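Engineer: These are the residues of each chain, in order.
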Amino acid sequence: MTDTTDEARFRTIFAHLGAVTAYAARRGSRDPDGVAAEVMTIAWRRLAAVPADDPLPWLYGTARNVVYAEARSRRRTAPSEAASAPAPEVRSLDPELDAALRGLRDSDREALLLVAWEDLAPTQAAAALGITPTAFRVRLFRARRRLQAALAQTQSAPLTQLDVEGT
Amino acid sequence: MKTDTTLTRLRAANPVAEVTTVDNDALFDRIVATPAEAAPRRSRRPNRRMLVLVAATFVAAAAASTAYALTHWVFPDVVHAPVSRAEYKRAQTILELPPGYTWPAIDFRADTVMVRGGGGSMAVSIDQSAWECYWVGAIKRGDPAAATRAQSVLADLMTNRISVAPQGAPENWAPEGATFPHLVYADDGGYQFKQRIYAEAAAGKPAGLEQSCRANGP
Chain A
281 MTDTTDEARF RTIFAHLGAV TAYAARRGSR DPDGVAAEVM TIAWRRLAAV PADDPLPWLY
341 GTARNVVYAE ARSRRRTAPS EAASAPAPEV RSLDPELDAA LRGLRDSDRE ALLLVAWEDL
401 APTQAAAALG ITPTAFRVRL FRARRRLQAA LAQTQSAPLT QLDVEGT
Chain B
863 MKTDTTLTRL RAANPVAEVT TVDNDALFDR IVATPAEAAP RRSRRPNRRM LVLVAATFVA
923 AAAASTAYAL THWVFPDVVH APVSRAEYKR AQTILELPPG YTWPAIDFRA DTVMVRGGGG
983 SMAVSIDQSA WECYWVGAIK RGDPAAATRA QSVLADLMTN RISVAPQGAP ENWAPEGATF
1043 PHLVYADDGG YQFKQRIYAE AAAGKPAGLE QSCRANGP
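Note that the protein sequences, when read in sequence, are chains A and B. So for the first sequence, the numbering used here puts the first residue at 281; every next one is plus one. So for the second sequence, the numbering used here puts the first residue at 863; every next one is plus one.
Don't take every hint at face value.
As the list claims (entries may be wrong) - Taking lysine to any residue and the SDA-like style, the derived pairs with C-alpha atoms no more than 20 Å apart in a straight line are:
hint: 1; chain 1: B; residue 1: 951; chain 2: A; residue 2: 412
hint: 2; chain 1: B; residue 1: 951; chain 2: A; residue 2: 415
hint: 3; chain 1: B; residue 1: 951; chain 2: A; residue 2: 414
Since the hints were made in silico from the structure, they are not lab data. Quick caveat, the model's predicted, so the values are computed rather than measured.
Hey, can you work out the whole structure from these sequences and the hints?
Structural biologist: Here it is, written out as structure tokens:
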């Protein structure tokens, strides 16, 4: 039997369902609602492991793993599709930015997006990635530089090379 | 393109800008109807992490003398955790944090290696971010004296504690005769960006300063 205090605690975690759904959608999940439900189920099962004061970084870290598992599963079931989408496919509203983001390492991209899209503070983003805040700051700094360089390259490329969105 | 505009552009390109409040009682009920894991179960199998740790310790012990020799021969400026930790502590006695701020505890793990002076550089970076946030707070609460103080401390840091490495300089480049602690920026426009946001904040346009505090602050 479950304890009512556990349920009360889980309800505060469950309040982040919308944020987790949005996270999954931003990371290119085909089933953001399903991912969020899975994350919440894991949170309930592992309630003791979820930080009580700020569960959101833990939820995002778990959601990331679930989105990756979804992408791996897609690769197994539809190899031809996976050839064009080997990892969770982030799609922003800016085609040039999309191209630059795709060129980044996954860890760099995630560091940037946790701050820019999920609006996490560095300490929260560090917790979501399981690294120290100092390491996160260094990673974010380098990721910004790499994104700037990638954008500069995209902007200086001939226009014919910029048309990569449809591919 | 500068740092601030890159992040601003990234924020503007958020494909799901709004987070809607989802009230899914059915899902909640379904989840809490399943058993929660009370405590981590003890596995009867040998703990794989422990096995890896034992093996790694053995290999590390075997290689330790070689590794030590290599780091001191090939990388003469590389120092280990105790040195960086001591540098960070020493820098705290030299630099001043804004009122209400405390130095974060940094876990210099035993396997940490940094360039000499790196512990001090971290302190300068933390100090700079703290004063930026203090300045933002001073502007918000309308405290011109505190804002002026923050501006002055940051100007001093930029002049005396922060340098820009010349293009092509090695990672451990430091200016001749630099006083401890010292932070070196890469020559990528970051230093000029900071100068610009400080000047803008002083002129009553703190948006860049606020963004920098949000991204780097404690």
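Engineer: Hint by hint, note whether the structure agrees.
Structural biologist: Against the structure, the hints come out as follows:
no.: 1; hint: 951(B) - 412(A); in the structure: holds (18 Å)
no.: 2; hint: 951(B) - 415(A); in the structure: holds (18 Å)
no.: 3; hint: 951(B) - 414(A); in the structure: holds (16 Å)
This entry satisfies every hint, going by the numbered hints stated previously.
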